[in-house]
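Q: Residue numbers (the working numbering), protein chains in the order written: chain A, 46 to 150; chain B, 57 to 284; chain C, 281 to 385.
Not one of these hints is a red herring.
Below, computed lysine to aspartate or glutamate pairings styled on EDC-like, alpha-carbon distance capped at 16 Å:
1. A:K87 with B:D119
2. B:K208 with A:E65
3. C:K313 with C:E370
4. C:K313 with C:E299
5. B:K208 with A:D56
6. A:K48 with C:E299
7. B:K208 with A:E62
8. C:K334 with A:E126
9. B:K208 with A:D52
10. C:K313 with C:E355
11. B:K208 with A:E100
12. A:K48 with A:E100
Calculated from the structure, these hints are not laboratory results.
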Amino acid sequence: MTKGVHDIGGDPAGPIERAEHARTLFDQRVDAMLRLLAHPQKGYFTVDAMRRSIESLDPRDYHGLAYYERWVRAVRQLAIERGLVGAAALEQRMAAIAAAREGRS
Amino acid sequence: MSDHQHDHAHAHAHDHGDHAHPPHGEDAHAPVDDLDSYDPESLLMEQALRELLIEQGVFTAEDIQRQIDLTESRTPALGAQVVARAWVDPAFRAALLADARPALESAFGLDLANTPELTVLENTADLHHVVCCTLCSCYPRNILGIPPAWYKSREYRSRVVIEPRAVLREFGTELPAGREITVVDSTADMRYLVIPLRPAGTEGWDEERLAALVTRDSMVGVAQALAP
Amino acid sequence: MSALPALVSGMPVVVRTGEPLTHCRTPHYLRGKRGVVVRPLGRYPDPEALAYHKPGLPPRVLYQVEFEAAEVWGERLCEPSYRITADLFEHWLEPDAAGHRRSPA
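The task is simple: from the sequences and hints, build the whole structure.
A: Following this line, the structure appears as C-alpha cells:
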C-alpha cells in the first residue's frame, strides 16, 4: 500500500526531542507569508494546497529540512502555480541576493 | 518552562517589531541564532519570495509585520486564562464546551473570524484527552500560539496514536490507574484545546492564581495542570 | 442538498480503504477500521479539491469518529486499550452493518 511521506501515525520512531527553540525572524516571516497568502479573504491558495505542496517534497527533504524550510519551499511552489511570481524571476532574485551577500562578506 | 519559552519568543519578536523592514537588501537586524543550521537556499528563497511578492503588490512589508505581531500575541498565557475562567465560571465553561469560538470572542474580546473551528475538550477524573496531528501540525494556534517543535516532530506524530501512555511518561505524566485515554487526531478542519483537570487543593483560588498552574502542555494533554 | 448529516452520534461506521494518489485527510492507519460517530462537525469544502485550487463544492459533512485502539492496531497494540478520534469526511465513511451502536466516550 502506498502511504504519503507525511502520513506517519503509528510508524516506529524514537524518543521525542523536547528542546524549545526561539523562532527566528526567518520562521516568523515564512509563517506570516503563508497566513497572508492563505487568508480566506485573499484566497491566493488554501491551507490544503499548502499541505499538498509540503507532502510532495521528497522524503529526504520532508524529514531532513527544518519545519519552516519545508514551508518556504511549499510557498514558493504555490506562488509559482498561482502566477504570483515567475520561477525564473525568483531564481534571478535569489542569485542577486546571494551575490550581494558575497560582496559584503 | 512554557512561560519562559513564550516570554522569550515574545520579546524576540518585539526586538524586531518596532521598525518597518526594508523590502530590499539583507536585514541587518535579522537574528542569527539558529540560522546556521538552515540550508542557505532556504534563507535566499524566503527573502526573494518576500521581496517579489511585495513588489507585485500581493502584500506589503507592513502586512508581514502586522501578521507576525498578531501571531506572537497569541500565547499559552491566553489559553491559561481561558482554562482558569472555565474552572471558576460554570456558565462560561458550559458555553465554551458547547460552542467555543463565540464563547471566547465574547468573554475575551478576541476576533476569531477567519480562524479554524475550535472544540474544547474537558479532562475529568475518568477521561484524559491528548491532542495531536499525525498528518501535519494542526494546533489551536489562535489560542495557544505557534506549536512547539516537539508537537510537529516525526516522533510525537508517529508515536502518540500507538503508545500514548509511553509518550505521556516521556513528558513526566503518569495517569492514575483506571483513567481512560482518548487520543484526538486533528485530521481536518477542527482544532482542539484541552481543559486540564483542576488540581486538588485550589478551592477558592481566583482566576489569576489558577492560570499560573495551566501550562501549554496541559492544554495539549501531554501533561496535567501543575500541582499547587 | 441534504438538510441533515446522514450519520448521527453512536452510529457504527467503517472507513473506506481507498488509496488516492492525491492529497487527502484520512490517515492511512485508520483505513478500513471500524469506529462510531462521535458527532458531525459541520460542512466544509472538500480538501481533496481545495488542494488543487478547486472550490471543493458542495461542502461535505465532516464527522468526528472514535476508534478503539485494539481495532486500529490489532496485535501491534502494546498498551492497555484506549480510544482514538479523528475527523473524517463523509465520502470516506460508510455505515457498518455488522457494527453495534454505542455511546462514544
